[in-house]
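Residue numbers (my numbering), protein chains in the order written: chain B, 13 to 444; chain U, 80 to 499.
One or more of the hints may lead you astray.
[Stated by the list, open to error] The calculated SDA-like cross-link candidates involving lysine to any residue, where the alpha carbons are at most 20 Å apart (straight line), are: (1) Lys444/B / Asp391/U; (2) Lys50/B / Asn277/U; (3) Lys281/U / Glu41/B; (4) Lys444/B / Phe386/U; (5) Lys232/B / Asn122/B; (6) Lys390/B / Ile341/U; (7) Lys444/B / Tyr451/U; (8) Lys444/B / Glu455/U; (9) Lys281/U / Arg165/B; (10) Lys444/B / Glu230/U; (11) Lys444/B / Trp244/U; (12) Lys444/B / Leu311/U; (13) Lys444/B / Glu261/U; (14) Lys444/B / Gln478/U; (15) Lys142/B / Asn122/B; (16) Lys330/B / Asp218/U; (17) Lys50/B / Gly217/U.
[Claimed, not checked] Computed footprint of chain U on chain B, listed as stretches where at least three residues anywhere in the stretch have a Cβ under 8 Å from a Cβ of chain U: (18) 49-58; (19) 80-90; (20) 224-237; (21) 266-272; (22) 371-385.
No wet-lab data here; the hints were simulated from the structure.
We put the CB at the ideal spot given by N, CA and C, even for glycine.
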Amino acid sequence: MRIFPLLIVAFFFLCACENEITEIGKRFEDNTRFVEVKRFEIEESSTIRLDSFPTSAVYDTTMVIGKVNDLTSGTTTSSSYFELHPSSTSYAIDFSENFVYDSLTLVVSNAKVIAGDTTEMQRFYLYRLKEVPRFNEQWPYFNNIDTVPLGERVGTLQMFPQKEHLTSTYCKLSDEWGMELYGLFARGGSMLVDTWAFLEYFKGFALVPDENNSAFFSVKSSFELRCYYHRSSQGSSPLYISMSNRGNSDLSFFTFSHHKHVPKPDLKDATEKNPILFTMLNYGVIQGLNGYMMKLNVPYIQENSLYRTIVKAQIAIKPRLENYENIPEPENLYLYTCDEFGSPQELIASGLSDPTMQPENKRFIFDITDFYKYRVQKKPDARPINLLVGLPGFTIAGIDQIRFIGGNVNTRFDRMIVREIPELYIHYIQFK
Amino acid sequence: MKKIISVLLTSFLAVAATAQNNVGTPYSKYGIGLLPENYGAYVGMGGVSAAMRDRHNINYLNPASYTALDSFRFYFQAGYAGEHVNISSYYARATYSVAQTASINMGFRLAKKLFASFGFNERSDIGYDMRFTNQVAGDPYSFFYQLIEGEGGLNDAYFGLGYQWGKLSIGVNASYIFGKVEDRQTLQPISLAGNPINYYVKTRTQNHIHDVLFTFGAQYPVRVSESSLLTLGGTYNFGTYLSGKRVFEAYELTTSEKDTLILREVPDHGKIFYPARFTLGGSYEWNYRWMISGDYTFQEMKKYKEFGEVTDMFTNYHKLAIGGAYTPNGRYWWQRNRYMAGSYFTKSHINLLEHNINTFGVTLGVQIPFYYANQELMLGVAADAGVRGRQAAGLMMEQFAKIRLTIAFKERWFMKPKIF
Chain B
13 MRIFPLLIVA FFFLCACENE ITEIGKRFED NTRFVEVKRF EIEESSTIRL DSFPTSAVYD
73 TTMVIGKVND LTSGTTTSSS YFELHPSSTS YAIDFSENFV YDSLTLVVSN AKVIAGDTTE
133 MQRFYLYRLK EVPRFNEQWP YFNNIDTVPL GERVGTLQMF PQKEHLTSTY CKLSDEWGME
193 LYGLFARGGS MLVDTWAFLE YFKGFALVPD ENNSAFFSVK SSFELRCYYH RSSQGSSPLY
253 ISMSNRGNSD LSFFTFSHHK HVPKPDLKDA TEKNPILFTM LNYGVIQGLN GYMMKLNVPY
313 IQENSLYRTI VKAQIAIKPR LENYENIPEP ENLYLYTCDE FGSPQELIAS GLSDPTMQPE
373 NKRFIFDITD FYKYRVQKKP DARPINLLVG LPGFTIAGID QIRFIGGNVN TRFDRMIVRE
433 IPELYIHYIQ FK
Chain U
80 MKKIISVLLT SFLAVAATAQ NNVGTPYSKY GIGLLPENYG AYVGMGGVSA AMRDRHNINY
140 LNPASYTALD SFRFYFQAGY AGEHVNISSY YARATYSVAQ TASINMGFRL AKKLFASFGF
200 NERSDIGYDM RFTNQVAGDP YSFFYQLIEG EGGLNDAYFG LGYQWGKLSI GVNASYIFGK
260 VEDRQTLQPI SLAGNPINYY VKTRTQNHIH DVLFTFGAQY PVRVSESSLL TLGGTYNFGT
320 YLSGKRVFEA YELTTSEKDT LILREVPDHG KIFYPARFTL GGSYEWNYRW MISGDYTFQE
380 MKKYKEFGEV TDMFTNYHKL AIGGAYTPNG RYWWQRNRYM AGSYFTKSHI NLLEHNINTF
440 GVTLGVQIPF YYANQELMLG VAADAGVRGR QAAGLMMEQF AKIRLTIAFK ERWFMKPKIF
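Okay, chain B solo, but in the shape it has when bound (with noise of 0.2 Å):
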C-alpha cells in the first residue's frame, strides 16, 4: 500500500496537460465551403439630387466660399451671408476727443482652399442686403434653394489661393458708408444699445463670388468688420471698432450659404423623386454642396436553406480613379436611409476605402450587416430598401418631422464619380 502516495504524485503529474490550439490538419479538412459571398449588382442605383439641405452655420464654425465650374456635375456657387452687431466695448468710446475715421474693413479668417484651382485670383464681392432675411423661428435653416436680393456693392476682397496669403484676409469697404457707420458710432444713441434697431438699419452682408473664379474656400464662419479711426494728434495709434457675429447660437445673428447649381444636361433632372439612373449615365455622383447622393435600391435576398445565415453584408462603391480638376475625393462616405420619395432619413454605417485593395481595384466598403439581417432575416419585410450614399453628415428632423441630412454637404466640396453598378456582397455561413 505504500505505492499509493507514489501512484497518486504521478496522477497528478500526468494531468498537468496542454493543447496548442493548431493550423494543422488544414490541408486534409473541407474548409472551402462553409463560408460564401455572393455578389448582387445593385441595379436600381441611380443619381438624385437632394431638394433641400441646411446651410445655416448654426452648428459648423465653417462656410464655403467659392465657385468651380465642374466637368461633371455642372457649376456651382456658394455665397455667404451674415449680419454683424457692435460688441458692447464699442459703446464704452469717449468720442468727445478728436478722433479721425480711417478705414472700414472685413477680415476673413482661416481661409482654405477646399476645391478647384490654385493659380487664380479669386475676386469675392461684399454686398449689403436689401432686407434682413426671415426666419420661422422654429426652424433656423435656410436652405440652397430660397435667395436674398443683394443691396450695394461696399466691397471687393481679393485672395490669391496660396496657403502664406490665407491666414487672414481684409476686404476694404467703401469709405462712403464707413463714415456713415463712423458717424452712427460717433453720435452713439438707441441704435447702438437696441440690437434688433440696429440689425434693421444694417440688414446684413453677403460675400458672392466673381464669375470668372475657379476655387472654394473654406472660411471661419466668425465674420468681423472694424471701423479703424485714431486721435488727429500726431503719431497716435490706431484705434478700432469691432462688429462680430460671435456667440452666433443666438439665433438672431444669421450666418447661412447658398449654394447655386447649374447641373451639367445628364443631369438637369435629377431630383430626389426623379433619380437618374446609373444604366443611363454610366456613372453616378456624390457631391457637397450641390447635394448629388447615389439612390440603391437594394435587392431583398432572403435565404431559405435552415443550414444557411447570413453573417455580413456589404455595399461596395467603386470610384472612377481619374481626377483631373482638383476636386477631392471623400476620405469616407456615409450611407442613409430614405424613404420612398428619396427623403433621407437615418444614418446607418460609414464607409471607408478597403485597405485590402490595390489601388487600381479601389473601392469604399459599407457594412450594413445589422441593418440587412433585420430587414431580411429577423423582420422579414418586403418593402423595398433604398439607401442614399452621400458625404459624412447626420440626418435631423424639421417642421413636421421632415429629416433632411447636414454636415459636409454644406462645407466640402468632395466629389466621387461612380464608376461601376455598386454591389451588394452577402456572406453566407453554411453551418452543415
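Once you have looked at the hints, place chain U on chain B.
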C-alpha cells in the same frame, strides 16, 4: 476496511481522471475517434494480448486468459497513461500533452474453473483543437476563421468470464460500450482590419452512443518440452450495431447580444456499425525466464457506418505486434523483475488524401513485484515511443512518447488462517 477504502479511493481517482483531457490529434476527428494502438496489460511488449496469460496480470483483451489467475486471490489492476506528442507538418508545428486513465480491472475466481473479470477500459478517443484562416469562397480578399474542436470517445464497461476446459480456455467479455462524441465548429468571418466581425456561428454535433458488444476469446497452451510452453490464442467480436443519438445545434453569436439559437434539429436516432474485429497470436515461453509473443489484429473498418452512412475515408485496420520478456528469477529484487521490449505497426483505418495513417512504435517496460503477507503488488512501467502519420502529401506526422503506469495487486481471498 483500509483496503476497501484504498480500492475505492483509487477507483475514484481513476474515474475522475477519465474526465481529463482527451488526445489532441487531428487524426482523432473521424468516426468514433482514434482506436488505441498499444494498450492492455502488456504495453511493454508492443501490446500483444492474444496468447498472453499469467497469474500477475488481468489480460482483459482476451477473456480466456482469466483462467490463468490465482484461484484464491482477488485482483485489482489500474492503468494510467501519459502522453506527449509533437505534431508537425511541413508548414507548422504543435505539441500536446495528455494524461488519462486507461483501464481499471478486477478479477477473481467464481467457481472451480470459472473466472470472472469486470472493469472499465477506453475503447476510442477524440480530442482536437484546430484553428484555420481560410479564404471565403467567391471573394479572394475575404477570410474567415474556422475553429474545429472535438472531444469525447467511447468507453467500455465490461464483465467477462473465462472457463478452462482441459487445456483449452475460452471466455467472453460482455461490454457495455458508451460514450459521447462531440464535434464543435466556429465559423467567423474577419473584417477588413483583420478583426472578427460581429456575427458568427457555432455548431455542435453530439453523438451519444451505447450498446452491448461481445468479445469472445480462446487460448490453448501446448507444453513443447519440460521447460518450454507454446500458447496460441485469439479473440473475436462480431460486427455490432451500436445505438446512437445525434443532436445538432447551431447558434448565432454576436459580440453585443446573447447567443441566439438558430437551429436545433430533432434528435436523430440511428445505429453506428462497429465492424468485426479479431486478433490472433502466439507466445512461446522458455525456461520460465524468456518469452516471445506476436499478434495480428484486423478490423473491417471499411464497413463502419454512422446513421446509415459509410465513411469513404475509412479502410480496414491492421496491426502487427511483437514483444519479448525476460525474468532473471534470481535472489535480488532486480532479478525478480520482468523486463520487456516490443514493437508494433498499425495500418490505421483512417485514409486521408489517399494515404493511410500508419503508426510505428517501440516499447520498453518493466514489471516490479512487491510481496506482502497477504498481498502481492505488481508495479508496471512501460514506455512507448513512435511515429504516427507522415508529413508528405499535406498530412502531418506525430512523434509521441507515452508512459504507462500499471498498478496491480492481489489479495488473498477465500482463505482463513489456521487456528492451532
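Hints and how they fare:
Among the hinted pairs, Lys444/B with Asp391/U is consistent with the structure: their alpha-carbon atoms are about 19 Å apart, no more than 20 Å. Taking the CA atoms of Lys50/B and Asn277/U, the gap is near 19 Å; set against the 20 Å cutoff, the hint holds. For a cut-off of 20 Å, the pair hint linking Lys281/U to Glu41/B stands: about 17 Å separates their Cα positions. For a cut-off of 20 Å, the pair hint linking Lys444/B to Phe386/U stands: about 16 Å separates their Cα positions.
Distance check on the hinted pair: Lys232/B and Asn122/B sit about 6 Å apart at the alpha-carbon level, within 20 Å; holds. Restraint check for Lys390/B and Ile341/U: satisfied, since their Cα atoms lie roughly 11 Å apart, inside the 20 Å limit. Between Lys444/B and Tyr451/U the alpha-carbon distance is near 60 Å, which puts this suggested pair outside the 20 Å criterion. A hinted pair counts as satisfied when its Cα atoms are at most 20 Å apart, and Lys444/B with Glu455/U does not qualify at roughly 55 Å.
Proposed proximity of Lys281/U and Arg165/B is contradicted: the alpha carbons are some 71 Å apart, above 20 Å. A hinted pair counts as satisfied when its Cα atoms are at most 20 Å apart, and Lys444/B with Glu230/U qualifies at roughly 19 Å. Pair hint Lys444/B plus Trp244/U does not hold up; C-alpha atoms about 55 Å apart against a cutoff of 20 Å. Straight-line distance between C-alpha atoms of Lys444/B and Leu311/U comes to about 49 Å, which puts the hinted pair past the 20 Å bound.
Restraint check: the Cα-Cα separation between Lys444/B and Glu261/U comes to about 15 Å, which is no more than 20 Å; the hinted pair holds. With a CA separation close to 33 Å, the supplied pair Lys444/B and Gln478/U exceeds the 20 Å bound. A threshold of 20 Å between alpha carbons decides the hint, and for Lys142/B with Asn122/B the separation of about 28 Å lies outside it, so the pair is violated. Restraint check for Lys330/B and Asp218/U: satisfied, since their Cα atoms lie roughly 16 Å apart, inside the 20 Å limit.
Between the alpha carbons of Lys50/B and Gly217/U the distance comes to roughly 7 Å, so the proposed pair stays at or under 20 Å and holds. Using a Cβ-Cβ cut-off of 8 Å, 3 residues of the region 49-58 of chain B lie near chain U, which meets the minimum of three, so the contact claim holds. Using a Cβ-Cβ cut-off of 8 Å, 0 residues of the region 80-90 of chain B lie near chain U, which falls short of the minimum of three, so the contact claim is violated. As drawn, the region 224-237 of chain B meets chain U at 0 residues by the rule of a beta-carbon pair under 8 Å; below three, the given contact is violated.
A count of 0 residues in the region 266-272 of chain B with a Cβ less than 8 Å from any Cβ of chain U is obtained; the coverage claim is therefore unmet, three being the minimum. Remark: the region 371-385 of chain B is confirmed as covered by chain U, as 5 of its residues place a Cβ nearer than 8 Å to a Cβ of that chain, reaching the required three.
Checked against the numbered hints above, the structure breaks hints 7, 8, 9, 11, 12, 14, 15, 19, 20 and 21 and satisfies the rest.
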